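Enquirer: Here are the chains, one letter per residue:
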Amino acid sequence: MSFINYMAREINCKLVYYGPGLCGKTTNLQYIYERTNPEAKGKMISLATETERTLFFDFLPLSLGEIRGFKTRFHLYTVPGQVFYDASRKLILKGVDGVIFVADSQIERTEANLESVENLRGNLAEQGYSLDKLPYVIQYNKRDLPNVASVEELRQMLNPTNQPDFEAVARTGVGVFDTLKAVAKLVLTELRKGGT
Amino acid sequence: MVNPQMVMYEEEFNQIQTVVDRLVRDANAKVVAIVDKNGQLIAGGGDIDNVDTTSLASLLAGNVAATGGMAKLLKENEFATQFHEGEKANIYIQLVGRQVIVVVIFDARSSLGLVRLRVKKGGDELNNIFEALSKKVAQPGKDSPFAEITDEDIDNLFND
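Chains A and B, in that order, are what the protein sequence lines are.
Heads up: the first sequence begins at 1 in this note's numbering, then just goes up one per residue.
Heads up: the second sequence begins at 1 in this note's numbering, then just goes up one per residue.
Incorrect hints may appear among the rest.
Unchecked claim - Calculated cross-link-like contacts (lysine to aspartate or glutamate; reagent style EDC-like; alpha-carbon spacing at most 16 Å):
| # | chain 1 | residue 1 | chain 2 | residue 2 |
| --- | --- | --- | --- | --- |
| 1 | A | Lys133 | A | Glu115 |
| 2 | A | Lys43 | B | Asp52 |
| 3 | A | Lys185 | B | Asp151 |
| 4 | B | Lys72 | A | Glu126 |
| 5 | B | Lys72 | A | Glu66 |
| 6 | B | Lys136 | B | Glu11 |
| 7 | A | Lys193 | B | Glu12 |
| 8 | A | Lys90 | A | Glu126 |
| 9 | A | Lys94 | A | Glu126 |
| 10 | A | Lys41 | B | Glu148 |
| 11 | A | Lys181 | B | Asp155 |
| 12 | A | Lys71 | B | Asp155 |
| 13 | B | Lys135 | B | Glu12 |
| 14 | A | Lys185 | B | Glu148 |
| 15 | A | Lys181 | B | Asp153 |
| 16 | B | Lys121 | B | Asp21 |
Note that these hints are calculated values from the structure, not bench results.
Model, not experiment: these values are computed from the prediction.
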């Protein structure tokens, strides 16, 4: 749910990075954080375990600039990917304006990807959202690893509705900003329709 | 649509700010902040400039969401109040209506009892303001200021 603040001349939107455990959601946010000018970003918060696995969420506030005199701010969140943190994932999806699904391209993670996308669909539906109606992009991450499925295969499995999708290596930043820009554009386009 | 857009106008903002400023004084608080359940800061008062309010709002919303999740497990509607006691600072969190969180940060100059009392009174006022606001937003003819943005406007945002 976007928040239009006429007083502060601001529009705030919430983006959520979703995907199976260790697919690179936090790495996406870390790269964005490192490569964004200090004046355009706030503090990055990671609620993680001692072994740096996401426990609840990561959070990164970003300012993208102005549209028609309104500052556009995006709040980026990740969910914990591990299967047993499902209750937390549901909470983080509340009020979401756009979703990025980060897929792990490695062949052995095929099932985990499929399970996670189904979990996303189900958790959104529980809150009355439909993945088919929400601004949604897909990122095929870890393209630099040797044992990856082809993009065609991944697309067939994870992107049957032909949403914008991107190849990425989040560790080095390949595709990270392309993915973010694509979903941000979709969210702003949705706002133009009046959020209906 | 599941979640109508949250909108804040100048008139309601000023009303909210008045309640917040009074709450800071009446409760002897260091900081009072009004945050929506999705983690957006709506208004703040007191020593707010020395607090990272964006982070605070996001963590508060996460905290309230997690507490709400626990309430559901116990078949409670909601745990509307939370209190965290520190060595120097304390945080009192109160849900108001369906969408709004009031947070009061205070130290030894105040007390839990006083804060609780003042928040109860201020909370009722805030609830009325937010209810009137949501009715206003739902009125027809309140178009989004973004209704007329062009593809070019959007593209321009991303030209580095």
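Enquirer: Are the hints correct? Go through all of them and say.
Expert: Structure-based check of each hint:
no.	hint	in the structure
1	Lys133/A to Glu115/A	violated (20 Å)
2	Lys43/A to Asp52/B	holds (8 Å)
3	Lys185/A to Asp151/B	holds (9 Å)
4	Lys72/B to Glu126/A	holds (14 Å)
5	Lys72/B to Glu66/A	violated (40 Å)
6	Lys136/B to Glu11/B	holds (11 Å)
7	Lys193/A to Glu12/B	violated (25 Å)
8	Lys90/A to Glu126/A	holds (9 Å)
9	Lys94/A to Glu126/A	holds (10 Å)
10	Lys41/A to Glu148/B	violated (27 Å)
11	Lys181/A to Asp155/B	holds (9 Å)
12	Lys71/A to Asp155/B	holds (15 Å)
13	Lys135/B to Glu12/B	holds (12 Å)
14	Lys185/A to Glu148/B	holds (15 Å)
15	Lys181/A to Asp153/B	holds (14 Å)
16	Lys121/B to Asp21/B	holds (13 Å)
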